[in-house]
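Here the sequence shown stands for residues -19 to -1, 1 to 424, where the numbers follow mature numbering (1 follows the signal peptide of the UniProt record, and there is no 0).
The set of hints was computed from the structure by calculation and includes no laboratory data.
Among the hints, erroneous ones may be present.
Straight line, CA to CA, 30 Å or less: simulated DSSO-like cross-link-like pairs of lysine-lysine [as the list claims (entries may be wrong)]: (1) Lys189 x Lys287; (2) Lys230 x Lys419; (3) Lys187 x Lys333; (4) Lys231 x Lys419; (5) Lys333 x Lys287; (6) Lys333 x Lys386; (7) Lys231 x Lys192; (8) Lys287 x Lys65; (9) Lys386 x Lys354; (10) Lys354 x Lys287; (11) Lys354 x Lys231; (12) Lys192 x Lys63; (13) Lys230 x Lys65; (14) Lys184 x Lys287; (15) Lys354 x Lys333; (16) Lys65 x Lys386; (17) Lys187 x Lys230; (18) Lys192 x Lys230; (19) Lys63 x Lys333; (20) Lys231 x Lys189; (21) Lys230 x Lys184; (22) Lys184 x Lys231.
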Amino acid sequence: MKKLSMLVLTMITVFVLVACSSGESKESSNSNADTSNDTDTNTEESSNNEEEITLNFWAFGATNYEEMAAEYEEENPNVQIKFKTSETDEHHDALFNALSAGSGAPDIVLLEIDQFDRFKNAQDRFVNLYDLGAEEIEGNYLDWKWQGGENLDGDFLFGLPTDIGPKALYYRTDVFEEAGLPTEPEEVEALIDSPEAFIEAGKQVKEKTGKPFVDSIEMAFRAYLDAAEEGYLNPDGELIVEEDGSAVKKAYDFAVELHEAGLVGNFTLWSPEWANAVNEGGFAAELGAGWLKGWLEENAPDATGKFRVATLPSEFSANWGGSYLAIPAETEHSQAAYDFISWLTSAEGQLKSFQSHGLFPSAPEVYEQDEFKNNGDEFFGGQVSSVVFAEAAQDVSGTIYKGEKYVAVHNEFNNALINVQDGADPEEEWEAAVERAKGLVSR
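Construct the entire structure; sequences and hints are all you get.
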């Protein structure tokens, strides 16, 4: 009887399990009847997500990209990002050498705008981001910034836009007040609305305070230079500074005019003397880019609350600085690299970079976010400076062609102006700089 009871119990149990199994199989079959393809896709995606990927990322300067990479790794545990940062020149030289050798380049690289054209001549050493679907996000960025990442034909995209450098007038309220000038941004914008008005305000500062209006001859030079439609070279690599109406000559002459009027300080950017002048109010104004705010906050604490920003005259409306994220062709993980940089340069990513390191966004969507437009700056006495720079960014008409040797050529003309400050003849220095530039271009 005991054996018979056990047999009956076993049969009942088997029957129940089979019935349950049959019911579950039928239900599962019905729910997935039209999604068999999705199941296959999900399986494939899951397999891809399990692949361990390492991306080498080279950058320069002060960014939050290392922290952002760590955040991305948390969201994508199969991706490891090895981050390396260097000084600007060292960074670009190392990349140039790696690309020239055909080995050793990273999967992702940050390229500074003044150095960018140096690498555009090696188009075959980079991945065309249009091949990875970048056209789908083009509308997320300022037109002029996006176009700066393309080749001249517009069919090859080297890099996705990161930060930009819209320029504005940084001014010391205490120096302006001492000179009898208005101190509220709206009043300053109304007063200094042309290059001529800029000079007149500078003369009043000099007369009333004895201080220079702008900090350095390079910044006076850049007033027109950064806003020009043409620079030192044309796309054929030819020096064009001697042509009639040369934008570079106009910028050079303006800097000389300000110097001869006693409106230019003799400070070298980033030097200890310059930092002291920022801290102590050694000059009245700076034609600075949006990213300069972060440097001032960190290095000029005594100036907190004493600076404001105003829009520049339209003739000086320009961009100075900024970068792109590119993918060298050596990479074995182009899609993974693209997925990361498109995440990093999204509106959300750019807002984080702006909030943490002052990297000014190239994605206009950020300009409408409350965290961006309602955030007063303690350094600027509570002024919401981001709105001023956003307006400036949208007034930029485009970017000039700079060419492979932009930095070296620019330095020759800037050095000529420094010599002028030291007493040299402006025209002789101009001609000497032209000859040196010709030598650089012909090499």
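(message) Please list, smallest to largest, the hint numbers that this structure does not respect.
(response) 3, 6, 8, 9, 11, 12 and 13
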